[in-house]
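Asks: Build the complex: two chains, separate frames, hints provided.
Taken in order, these protein sequences are the chains called L and D. Heads up, the first sequence is in the working numbering, so the first residue is 1 and it goes up one at a time. Heads up, the second sequence is in the working numbering, so the first residue is 1 and it goes up one at a time.
Keep in mind that the hints were calculated from the coordinates and are not lab data. Heads up, the beta-carbon is just placed ideally off N, CA and C, and yes, glycines get one too. Please note that the accuracy of each hint is not assured.
[Stated by the list, open to error] Computed, partial: chain D to chain L, Cβ under 10 Å:
| hint | residue |
| --- | --- |
| 1 | Gln72 |
| 2 | Tyr73 |
| 3 | Ile74 |
| 4 | Val77 |
| 5 | Tyr101 |
| 6 | Leu133 |
[Said to hold, decoys possible] Under the rule of at most 30 Å between Cα atoms (straight-line distance), these lysine-lysine pairs were calculated in the DSBU-like manner:
| hint | chain 1 | residue 1 | chain 2 | residue 2 |
| --- | --- | --- | --- | --- |
| 7 | D | Lys203 | D | Lys132 |
| 8 | L | Lys79 | D | Lys62 |
| 9 | L | Lys99 | D | Lys132 |
| 10 | D | Lys132 | L | Lys40 |
| 11 | L | Lys99 | D | Lys81 |
| 12 | L | Lys52 | L | Lys62 |
| 13 | D | Lys104 | L | Lys113 |
| 14 | L | Lys104 | D | Lys125 |
| 15 | D | Lys62 | L | Lys104 |
| 16 | D | Lys62 | L | Lys62 |
[Claimed, not checked] Which stretches of chain L does chain D cover? Using the computed rule of at least three CB atoms under 8 Å from a CB of chain D, they are:
| hint | region |
| --- | --- |
| 17 | 111-118 |
| 18 | 203-211 |
Listed below are the residues making up each chain.
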Amino acid sequence: MAEEVKLFGKWASPFCCRIEVALKLKGVEYEYIEEDMLNKSPALLNYNPVHKKIPVLVHNGKPIAESLVIMEYIDETWKHNPILPIDPFEKAMARFWAKFIDDKFWALWPGVKKAITSSGEKEREEGIEEAQLHLNALETQLKEKKFFGGEKLGFVEISASLLIWIVVFQEVMGVEILTQEKFPALHKLTQKFVDDDVFKQCVPPWEPLVAYFKAQWGTLAASK
Amino acid sequence: MAEEIILLDLWASMLGMRVRVALAEKGLKYEYREQDLRDKSPLLLEMNPVHKKIPVLIHNGKPICESLIIVQYIDEVWYNKSPLLPSDPYKRAQARFWADYTDKLYELGRQLWLTKGEEQETAKKGFMECLKLLEGELGDKPYFGGENFGFLDVALVTFSCWFFAYESFGNFSVEAECPKLVAWSKRCMEKDSVSSSLEDPLKIHGFVIMMRKELGVE
Chain L
1 MAEEVKLFGK WASPFCCRIE VALKLKGVEY EYIEEDMLNK SPALLNYNPV
51 HKKIPVLVHN GKPIAESLVI MEYIDETWKH NPILPIDPFE KAMARFWAKF
101 IDDKFWALWP GVKKAITSSG EKEREEGIEE AQLHLNALET QLKEKKFFGG
151 EKLGFVEISA SLLIWIVVFQ EVMGVEILTQ EKFPALHKLT QKFVDDDVFK
201 QCVPPWEPLV AYFKAQWGTL AASK
Chain D
1 MAEEIILLDL WASMLGMRVR VALAEKGLKY EYREQDLRDK SPLLLEMNPV
51 HKKIPVLIHN GKPICESLII VQYIDEVWYN KSPLLPSDPY KRAQARFWAD
101 YTDKLYELGR QLWLTKGEEQ ETAKKGFMEC LKLLEGELGD KPYFGGENFG
151 FLDVALVTFS CWFFAYESFG NFSVEAECPK LVAWSKRCME KDSVSSSLED
201 PLKIHGFVIM MRKELGVE
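Isolated chain D, as found in the complex (with noise of 0.2 Å):
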């Protein structure tokens, strides 16, 4: 049977663009969907009832939400190319632990484009102190992985190309506060899977302008 993969999402996101990594490492062809997500298609309603929120992949009519548990659900029927997750349980402990660990930047981000004063340097401090977590368990290693690309690099290397919106906003350099993570991500980006699917970082930062003026924050 030939498979369908439908990929429901929004550009700027980092966790939809965790997908499109995941289904590009293991070389599949699908549907890409772009959502709006101020007029959820009757689709996205139907395939995410709980969340109502991207991404959402579509496997032979099938949906499956949260971003890390669709790339868990793409290594697992996709296992004999580009494993993301190593065959150790111990290891695939860790690497879910910190790929858990990764989603708080998520809303310290937000926060960190959010708002101003006080709430955005306490924004601001939280997501240095997780980046400098995340580099220390970066350590030596070429990827999160080891040798290897893997689940936990897919989880956080998305979130590099909203770095130079969060540094605008948040007035701070990631560069001088974690330099190894940021020569991680340009090695990243050596990889077609990762460059053709994260986005610009000035159309990343022209989005977060349009989403603060949307959301009226001066």
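Bound conformation, chain L alone (with noise of 0.2 Å):
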């Protein structure tokens, strides 16, 4: 039977782009379909009633969601070019690192978004603390771990790549948070998805995207 696979998701995603990445790596042939959040399709509501959010990977016509559990389900049915290491261990710290990732990705949020909305000098500065502590713990963690020594991107690297939309967030508030000198090891990575190969094919044209984020926070701050 021939393999039937669709991508609902949104451009401007990081959690996209991550599903993207993966199944680039993996060579497999997909159908991309562009979701309008505001005006969500029945098929993305039936999809995934749960969340009612994107990515959803529909393989064969059953549908799958949440980028981690996505990234995993990919790396099962199409074995070849691993995501996942094979040993247990190994895989259980590279699960605990995307999760982490996540965690601190959602964690800076509320200051970024205080950064952007505040009309006072100090509320932004604030909020910029606030998400440089996330980004902290980051840093901290990833300075020491070996997975960003090598050639090949794995489950880390893929989930990490939403770093970068941290770089778009900083262009659009115009104001430098994830700085080469407070977070070298951030910093060098997000430099090496820029670079590379697969990533370049699957992250979003940079200033359409800086663009889409100004439009959002423009609203962002004027209804606050």
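Replies: Here's what the structure looks like:
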């Protein structure tokens, strides 16, 4: 039976980018369906009734949601070019760090939001400091880890690609949060993504991405 | 080489209980070390420097943290007995998706006994919504894993010994809202691995009373 692989996504979403990277690394052909998150399609609501979010991978009619779950599914279904290590302990470590990255990303978001939407300089500074606290946690942990050393990009690196979005946020805000001097390991990592052939195909084009978030947050700041 | 398995845990933790159930399912001998989270042991801080939380499984000196990650690890290392995750990738993805979803119950449950008034009502509503959705996922199957007790069963069943505490402080009945789920939890309790790993609901209730006092919740 011919494989039918569909990805419901949003071009500007770092979580969708992960899935596209995973699919491209495996050489899986797929149909990409862009979702308007303000006007969700009946298909999306049918495939992800619990969270109603993207990304959703639909493989031969069967839906899988949550980016890390999808990535494991992709790795288990298309077994060549493994993304996760084979050894159970190394696999557990990969899962742990991917989850850690996700948790920190969501944790730093309120700080970023505060910095964007606040009218006062003091509040803005506070927001940046809050966000940097979580970046610090990431920097400290990632600095000591070996998985960024090799040429191969695996589960953790693919998960960490959402750090590029922090660099986007910086440009939108006109403020540097992820500075090279404060966060050398993270900075190096974001460069690695930008230079990688597969990531280059999946990461959205820079200017439109910056413009998109500027427009989004213009709305956020205005609504305050 | 002899296996050395140590579990750093807190007796009342439903997350720690998940690991105990998984270890029991696999028939594994291990050393249980009760942790005092107000005075964290050097071992805990060494083995989980990132989160400094329990549970932590130490297998031949190597630590694994985060309850669902630990359960998967146990399932993968001791794969030839009582498999918890199915072999089909799609079914595995579904089990993982829903197991992650059950983690929501932890924070919602906490809010149930930590807060009052409107905050508590919101937590209660969220908590019941989650349980109802999970009950829907169970359907008419004996277990979430189908005919066999599986990963999602492990993830959720440990919350059942906390139901009495949640109900008392939240003033509601899980059985009234989700009878199938309660029936499922009783079915799970017939298994030795579950009944020997879950704590007495009355003791959990006592634990919550103590925690509320300590945290100054009236």
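Asks: Among the hints numbered above, which are violated by the structure, and what are their numbers in rising order?
Replies: 16, 17 and 18
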